[in-house]
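K.L.:
Residue numbers (the numbering used here), protein chains in the order written: chain E, 1 to 323; chain D, 1 to 287.
Derived from the structure by calculation, the hints contain no laboratory data. Among the hints, erroneous ones may be present.
[Stated by the list, open to error] With the Cβ distance kept under 8 Å, some of the chain D side facing chain E (calculated, not the full set):
no., residue
1, G58
2, S59
3, L62
4, L95
5, I103
6, N106
7, V229
8, A255
9, I272
10, L273
[To be verified] According to the in silico footprint, chain D covers these stretches of chain E (three or more CB under 8 Å from chain D):
no., region
11, 35 to 42
12, 70 to 84
13, 288 to 294
[Claimed, not checked] Sample of chain E residues with no beta-carbon within 10 Å of chain D, all distances over it, derived:
no., residue
14, F19
15, L21
16, V103
17, Q117
18, W146
Glycine residues also receive a C-beta, built at the ideal position from the N, C-alpha and C atoms.
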Amino acid sequence: MRREKIIIGAGIVLAVLPFVLTEYWLGLFTQALIFGGFAMGLDLLVGYTRMPTLGHAAFFGLAGYGTALAITRFGINPWIAAGIGVLLSGGVAVAFAPLAVRVRGLTFLTITLAFGQVTWGLATRWTSFTGGENGIPSVPRPDFIWDLNDRTGFFYLTLIVVIFVSLLISIFASSAVGMSFMGVRGSDTRMSALGYNVQSRRATAFIVAALVAAVYGVLSTFFNKFVGTGSLSWQLSAQMLLAVVVGGFGSLWGPFVAGSGLHILKTLLIGSTQRWPMVLGLLYVISVVFLPGGLSSLVPTIKQRMIHRSKGKEHARYGTNSK
Amino acid sequence: MRLWVFQILNGLTMGSLLFFVAAGLSVVFGLMRILNLSHGAIFLFGGFVGLAVQKATGSFWLAIPAAMLAAGILGFIIQKVFSTTLMGSRFNQVLLTLGLAFIFNNSILAIWGGAPQTIPAPEILATSVKVLGVTYPAYRLFLIVLAFVAGIGLWFFWERSRLGAIVRACVDDRDMATAMGIRVEIVFATVFTLGAAIAGMAGVLGAPVLGVSIGLDFDVLLLALVVMVVGGVGSLSGAFVASLMVGLVDTFGKALFPELSYFTLFSPVIIILIVRPLGLFGRIPPE
């Protein structure tokens, strides 16, 4: 329950942002929340089961495209269109996951990358339907109790969705199924010997992460009133993978913070230079070489040091095994 | 009919180029279980170095050894500097080399700019030849022939030479090879460097056909990855067959269904990998 309390607490703190930020920064933070949430969902797959995917932007983008196409091409109500978008991504994930999780490691990486490129290729080349490189502009936002066309209004909708989805992820992660994901990561031979169906656990993680990505993909499309091929690109998948790594596998909050931070950093850098890929690359190298545990590994280390200091030498001697 | 011959030749050209990139990637992976995602960037680096040398000297044939040297040095430095991480967990390798790929990509952009460029084919090959009823650029035929010659040459090296036997021994059973007194780390450094050098060469060889431009590195990497897993990691003959297959499927997909070109390339790949995760010729599970 501790994690759920922290999520709600953090949500309440973030609710003051519209009172202290300018329009520009509020927009940036709205997007940061979206990408943070995306990374948090991906942590269930990458962090909990250690399946390195380079194609999860596909589910983010598919949902966005599904929603935008339903509204602009078929004149469907935005709320229903949002449902269609999430169902589209979810449906594709349900069909693809059982096949993808049959392979592991490098083959899994290649398959997810190839799958992502298929969706990206369709969006780029099928110009007559998807708008090609131009994407789909002027996607209207849905009507709500309050005005969503107002930056503050949209921020609060985003915040509510993020809190709700994060709570679901958190509860799911500490459920029996969520815990068994960690078992799959630790040793799948042992897990199958214990009677768990390892492949179905992996598929579940894959689908849940895809659904989370889908929800945020829809939200992102509404925020930008636009969806483009960038939302399906493997660079976005790579950025999300990095968020999980920098944040720390399996901590959930780490990837959220890193995902948000990376988006803010990216937006600020893209505005001024062409050096974003360089920074992304350096972050990869630095985090792998110097911080293999990610941001979240720093917290126990700091905590441990404080304990050592207060309890003296004895604790330091016995406390080291938790390192 | 003419169109088919033309497309088949185009597919073989593409496949030949892929073979040079994928061979290094696959053997390095087979040997040390290291997946080098910066291989595509090394390919592009070779292309740009070759371009610079060709511009300075006017010689295409000088550009090739220069690119091989530069790419080889880059490969040597990578495996030297990051050897600990590269030998560590698979996950970290992937992330590290992906990071390097981004860094190289952006450095290339900073040094040579983003405008797509090309290296003209060497004069002696800048003509067209009639083959099977179609007129086809001589340079592209040269590439196909070169890939077959290199394929056969590499096969002999791999299967018949003493050095090849040592590399194969290391691929099959690293511990046993070490026990037999083979210096695995030196074999590894050599193969890694050679793989990078061959990728750099491919960058120059491919330039008259594909050009050199930012973004090509990731396209080529993706195709080479596909070749490697379809052919079976660590298998040279697998890489050869899969290169030609991928080259042909890619070319025909683009020609016949331009709107669905990625779909036509990757759907068969996904199916092959699901049915046969080891790849066509593979013996090592690519995990």
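K.L.:
Could you run down the list of hints and mark each one as holding or not?
P.N.:
For each hint, the structure was consulted:
1. G58: 31 Å, violated
2. S59: At about 32 Å, which exceeds the 8 Å cut-off, the nearest Cβ of chain E leaves the hint on D:S59 violated.
3. L62: 30 Å, violated
4. L95: Holds: closest Cβ of chain E sits about 5 Å from D:L95, inside 8 Å.
5. I103: Holds, because the Cβ-Cβ distance from D:I103 to chain E comes to roughly 4 Å (cut-off 8 Å).
6. N106: Hint on D:N106: holds, closest Cβ of chain E at ~4 Å, below 8 Å.
7. V229: 5 Å, holds
8. A255: Violated. Min distance 13 Å.
9. I272: 10 Å, violated
10. L273: 5 Å, holds
11. 35 to 42: Since 0 is below three, the answer is violated.
12. 70 to 84: It is violated: at least three residues are needed, and the region 70 to 84 of chain E offers just 0 whose Cβ sits closer than 8 Å to chain D.
13. 288 to 294: holds (count 3)
14. F19: 38 Å, holds
15. L21: With a cut-off of 10 Å, E:L21 remains clear of chain D, as the shortest Cβ separation is near 30 Å.
16. V103: 5 Å, violated
17. Q117: The assertion about E:Q117 is violated, with a minimum of 5 Å to chain D.
18. W146: 41 Å, holds
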